[in-house]
Structures are given as structure tokens and as C-alpha cells.
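In order, the protein sequence lines correspond to chains A, B, C and D.
Letter 21 of the first sequence, counting from 1, is numbered 25 in our numbering, and no numbers are missing.
Letter 112 of the second sequence, counting from 1, is numbered 116 in our numbering, and no numbers are missing.
Letter 138 of the third sequence, counting from 1, is numbered 142 in our numbering, and no numbers are missing.
Letter 58 of the fourth sequence, counting from 1, is numbered 62 in our numbering, and no numbers are missing.
Everything labelled a hint here was simulated from the structure, so no lab data went into it.
You may find that some hints are simply not true.
Any copy, or any two copies together, can satisfy a pair, since identical chains are not distinguished.
Taking lysine-lysine pairs in the DSSO-like style, the calculated list, with each CA pair at most 30 Å apart, reads [claimed, not checked]:
no.	residue 1	residue 2
1	Lys83	Lys9
2	Lys126	Lys97
3	Lys68	Lys125
4	Lys19	Lys68
5	Lys97	Lys125
Quantities reported herein were computed from a predicted structural model and do not represent experimental measurements.
4 protein chains.
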Amino acid sequence: MDAYKHVVQYYETDKMGVTHHSNYIRWMEEARIDFLSRIGWDYARLERDGIIPPVTEVTCRYRKSTTFADEIFITVSVKEYRGLRLVLAYEMKNAEGNTVATAESEHCFVDTNGKPIRLSKKFPEFSKVLEELADANGAAAE
Amino acid sequence: MDAYKHVVQYYETDKMGVTHHSNYIRWMEEARIDFLSRIGWDYARLERDGIIPPVTEVTCRYRKSTTFADEIFITVSVKEYRGLRLVLAYEMKNAEGNTVATAESEHCFVDTNGKPIRLSKKFPEFSKVLEELADANGAAAE
Amino acid sequence: MDAYKHVVQYYETDKMGVTHHSNYIRWMEEARIDFLSRIGWDYARLERDGIIPPVTEVTCRYRKSTTFADEIFITVSVKEYRGLRLVLAYEMKNAEGNTVATAESEHCFVDTNGKPIRLSKKFPEFSKVLEELADANGAAAE
Amino acid sequence: MDAYKHVVQYYETDKMGVTHHSNYIRWMEEARIDFLSRIGWDYARLERDGIIPPVTEVTCRYRKSTTFADEIFITVSVKEYRGLRLVLAYEMKNAEGNTVATAESEHCFVDTNGKPIRLSKKFPEFSKVLEELADANGAAAE
Chain A
5 MDAYKHVVQY YETDKMGVTH HSNYIRWMEE ARIDFLSRIG WDYARLERDG IIPPVTEVTC
65 RYRKSTTFAD EIFITVSVKE YRGLRLVLAY EMKNAEGNTV ATAESEHCFV DTNGKPIRLS
125 KKFPEFSKVL EELADANGAA AE
Chain B
5 MDAYKHVVQY YETDKMGVTH HSNYIRWMEE ARIDFLSRIG WDYARLERDG IIPPVTEVTC
65 RYRKSTTFAD EIFITVSVKE YRGLRLVLAY EMKNAEGNTV ATAESEHCFV DTNGKPIRLS
125 KKFPEFSKVL EELADANGAA AE
Chain C
5 MDAYKHVVQY YETDKMGVTH HSNYIRWMEE ARIDFLSRIG WDYARLERDG IIPPVTEVTC
65 RYRKSTTFAD EIFITVSVKE YRGLRLVLAY EMKNAEGNTV ATAESEHCFV DTNGKPIRLS
125 KKFPEFSKVL EELADANGAA AE
Chain D
5 MDAYKHVVQY YETDKMGVTH HSNYIRWMEE ARIDFLSRIG WDYARLERDG IIPPVTEVTC
65 RYRKSTTFAD EIFITVSVKE YRGLRLVLAY EMKNAEGNTV ATAESEHCFV DTNGKPIRLS
125 KKFPEFSKVL EELADANGAA AE
């Protein structure tokens with residue numbers, strides 16, 4: 005799957021002259037929404053259907069600084085999924101192909117009242133896609 | 005009335021080494037919510053009551069740069085109000101008392117369906133306070 | 005000239021369910037940098053050459069709300085330029101072609117010490133391009 | 005030590021009606037700078053002295069959502085420090101005393117050229133304070 009591209013904006017830099025670290029967390033969201041849309045989960049539509057995947061944890065490891073006008077290529081993969089909890093992994097590379105950051109986000113699924121949803125029951129088809137991606141990813145890692 | 009104080013955060017600076025100009029627009033919101041609360045309009049409560057004052061226009065004139073750890077003191081006043089449209093004026097000073105920015109925001113009032121509200125009808129008491137502040141401000145300007 | 009495209013991010017929305025108004029000021033910067041680059045002023049390069057165009061004033065008039073996943077098309081034009089002060093105008097449209105916001109930004113030019121530069125002396129070629137664009141724009145407006 | 009207080013701003017919420025998760029990463033920075041200043045490390049001064057503590061990793065676990073106008077109380081402690089790498093831990097509570105998030109940030113120390121610094125050599129006094137706080141924290145954890 006193609007990487008998601010984010011171009012670093014001037015307003016994303018800080019007085020150290022580099023991208024402020026908090027922005028990578030926002031790029032994860034951009035790449036995640038793009039990824040979910042590509043595997044059949046149109047974020048806006050499912051939100052209208054009343055399913056929301058709040059972030060329960062994020063981790064980001066910064067390996068190389070980036071700055072204004074840099075192109076960042078972000079690849080998302082399903083690290084873990086067994087029906088309830090989803091863990092996504094992110095690899096961010098610059099135009100030279102160097103990894104600038106690696107990250108993970110963990111999600112649960114809730115309805116509009118904030119009640120946890122078992123995705124495999126409510127959205128079996130989408131759930132199956134996530135399972136297959138998690139399995140493929142696990143196999144690749146072995 | 006006391007000025008609202010905002011301390012410039014590191015993440016609000018940019019690679020020029022100064023506060024990114026977009027943040028002043030956010031500080032206007034901080035100061036506005038504080039101001040409205042002081043004159044009897046608790047923002048959170050009125051939002052629950054279904055009245056929302058969207059921003060219809062902002063202008064900010066940058067006079068002196070600011071940077072990380074600077075204390076900014078923001079004074080808000082009612083520039084214009086006649087029941088429908090509210091114009092607020094902002095003066096931002098640094099700790100030395102120098103004006104760093106002057107700004108204005110224009111607002112209308114809508115209900116939760118986005119329909120315009122005549123504030124003087126729906127919230128006559130709050131509307132009267134705004135009128136008096138606008139009059140006092142106009143008199144002071146003459 | 006083609007419009008600059010910004011897709012509204014989830015993190016740019018607020019609890020009213022729409023794009024927070026401060027983000028339009030950031031989109032103006034995105035579109036401005038793109039515009040300047042297209043007319044021969046590569047922002048990153050000129051910044052390295054020690055010329056910086058700080059924002060001295062912004063105005064944004066919000067006409068129609070936007071929200072997550074909306075595509076915004078931003079056209080930039082030179083409203084005023086006579087060697088010292090540059091005024092750019094922005095028109096932001098949604099995918100349906102409706103204007104969602106109009107805006108202006110004013111800039112001066114300074115060197116890395118913050119001293120004002122007369123652009124027409126330091127960068128005569130780029131200055132001439134701006135003049136021609138301002139003239140063409142003025143003629144079109146008549 | 006007193007907790008650092010952050011009041012959630014309107015512009016920090018998203019269309020889910022709660023604080024966008026990326027802002028917690030920024031609050032960590034606010035609390036960290038406040039904490040370092042209280043234990044004798046004035047951030048602005050040391051930055052002038054040419055020592056910078058870039059973030060090499062962040063983790064944030066979201067436990068309870070927060071929203072506009074909530075008061076967040078953030079306690080920072082030194083989790084690990086042995087001269088090179090600093091790990092800080094954060095606990096964020098709401099006004100009711102419930103933990104809304106727990107987090108960690110990892111830092112190294114570099115000079116203005118980006119070269120790693122051994123803090124214990126360059127800033128022995130400050131380094132000693134960090135060591136003592138790490139030891140006290142470790143003892144408390146046992």
C-alpha cells in the first residue's frame with residue numbers, strides 16, 4: 005500500500021528550527037484516517053453510523069528531526085487486532101528514505117454514548133479485514 | 005477589569021524563533037471566553053443552553069514579536085453591539101507594558117441548528133450588559 | 005493559476021463540530037508559501053538567503069462553516085505591492101464552489117536581524133514579479 | 005511539589021466534543037518546563053546556554069476524556085536518570101481527583117550543533133538534582 009504523504013508546514017516548526025514533536029501525533033491521525041479509508045472504512049461515514057475509535061494510547065519514538073517543507077511518508081500497519089482492541093503501527097520516512105519516527109496507537113471502539121462496542125459483531129466485514137491484516141502482519145514479522 | 009494573562013508556550017513558537025502569528029487568534033478566544041464569563045456569560049453554560057457565538061470575522065495587527073515564556077496581558081472591550089452583531093476589541097501587552105498586538109473579532113449569535121438568534125430577545129439581561137459596555141466604550145472613545 | 009488544496013483534518017475541528025476558525029489563518033500560510041513558490045520565490049531558499057516576510061496583519065471573514073474531510077481550494081492574489089509592503093488576498097472555496105472564507109494578509113520584509121528590507125533593491129527580479137501581479141490584479145478589479 | 009494546572013481551551017476540543025488527544029503531548033511540555041524551572045533549571049536560560057533536551061520518545065495513555073473548561077492538574081516526576089538519558093513520568097488528574105491520563109517522555113541532551121552532551125559533566129549541579137529525584141522516586145516505588 006502507498007505511504008501517506010505529509011508536507012511539514014511552517015507553523016509546525018518550533019524555535020529549535022525543527023518540527024515540534026506534538027505534530028507527529030497529528031500526522032498519525034492523518035495517516036490512520038487515510039489508511040482506514042483505503043481498507044474500506046470511510047471514517048466520516050462510520051462516524052455518522054455512530055462508531056468512534058478513540059485513541060487509548062499513543063507512543064512515538066523520534067529518530068531524526070524534520071523541518072519545514074520536508075516530505076514525510078507514513079506507512080500504517082495493523083499490529084494487533086482480536087475484535088476489541090486495535091493497535092496500529094506507523095513508520096515515518098523522509099524523502100531520502102530514512103526513518104524519522106516510528107509510532108503506535110491503540111484504539112477501542114465505542115458508540116455515540118461512549119459505550120464499548122464489539123466491532124466483530126457490529127461491523128463483521130470491516131472487522132474481518134482488520135483481522136486479516138493483523139494476521140498477515142504477524143506472519144510477516146515471524 | 006483585570007487583563008487576561010497568557011504565557012507563551014514553547015510549542016507556540018516557530019522556526020523564526022518567535023510566536024507563530026496564528027496563536028494570537030487562539031489567545032483572543034481565551035481572553036474572550038474569560039471576558040464573557042466575567043460579565044456574567046458563562047460560556048460553557050450558555051453553550052448548554054443552545055446559544056453559540058460563532059466568529060464571523062477576525063483581524064489581528066501584529067506590532068511587536070513575542071516568544072517563549074513571555075507573559076501576554078490581554079484586555080477585551082465591547083466595540084460595537086446593537087442586539088445582533090457583537091464586535092470585541094483586544095489589546096495585547098507584554099510584561100513591559102508595550103502593545104504587541106491589537107485585534108478585533110466579530111460575532112453573531114446562533115442556536116444549535118445554526119439559526120441566527122436575536123440575543124436581546126432570548127437573553128435580554130446579558131444583552132443589556134453588552135449594550136452598556138458598548139455605550140461606555142463609545143463614550144470613552146469620544 | 006491552480007488553487008492550493010487543503011483537506012480539513014480531524015484535529016482541526018472543535019466541539020461545535022466544525023473547523024476551528026484559527027486554522028484558516030494557518031491555511032493562509034500554506035497557500036501563501038505555495039503561491040510564492042509558484043511565482044519564483046522558494047520560501048525555504050529565500051529564508052536561507054536571509055529574507056523573511058513576517059505577517060504584520062491578518063483579516064479573515066468566515067462565510068460558511070467547513071468540517072472534517074472537506075476539501076478547501078484557496079486562491080491567492082497580490083492585492084497591493086509598491087516595494088515595501090505586500091498585501092495578499094485569499095479566496096477559499098469548498099468542493100461545491102461556494103466561498104467559505106475570504107482573507108487578507110499584510111507583510112513587510114526583514115533581514116535576519118529584523119531590520120526592514122526594501123525588496124525592490126535586494127531582490128529586484130522577484131520584486132518586479134510582485135509589481136506586475138499587483139498591477140494585473142488592479143486592472144482586473146477596475 | 006504542586007501540580008501544574010492547565011485549563012482546557014475551546015480550540016483544544018474536537019468534533020467528538022472532547023479534548024483532542026494530541027494536546028496532552030503539549031501539556032506534557034508545559035508541565036515539564038514548569039517542573040524543570042522549579043527544580044532549578046530555567047528552560048529559557050539553559051537554552052541560551054546552548055543546552056537543549058529534545059524529546060526522543062513520548063507515550064501517553066488516555067484514561068478518561070476531558071473537555072473545554074476542565075482543569076487538569078499535572079504532576080511530573082523523574083522516573084530514570086543516569087547522566088545521559090532522562091525519563092519523566094506524568095500523572096494528569098481532573099478537578100475531582102480522577103486520573104485522566106498517564107504519560108512518559110524520554111529526553112537526551114544536545115548542544116546547539118545537535119551533538120549529545122553528558123549533562124553530568126556540563127551541568128553537574130543540575131545533574132545531581134535529577135539524580136536525587138530519580139533515586140527518591142525509585143525508593144518510593146519500592
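Hint by hint, here is what the structure shows:
Taking CA atoms no more than 30 Å apart as the test, Lys83 paired with Lys9 passes inside one copy only; the shortest distance there is 21 Å, against 32 Å between copies. Taking CA atoms no more than 30 Å apart as the test, Lys126 paired with Lys97 passes in neither setting, with 35 Å inside one copy and 33 Å between copies. In this homomeric assembly, Lys68 and Lys125 come within 30 Å of each other (Cα to Cα) only across copies, at 25 Å, whereas the closest approach inside a single copy is 41 Å. Taking CA atoms no more than 30 Å apart as the test, Lys19 paired with Lys68 passes in both settings, with 17 Å inside one copy and 17 Å between copies.
For the identical chains of this complex, Lys97 and Lys125 are neighbours neither inside a copy (36 Å) nor across copies (34 Å), given an alpha-carbon limit of 30 Å.
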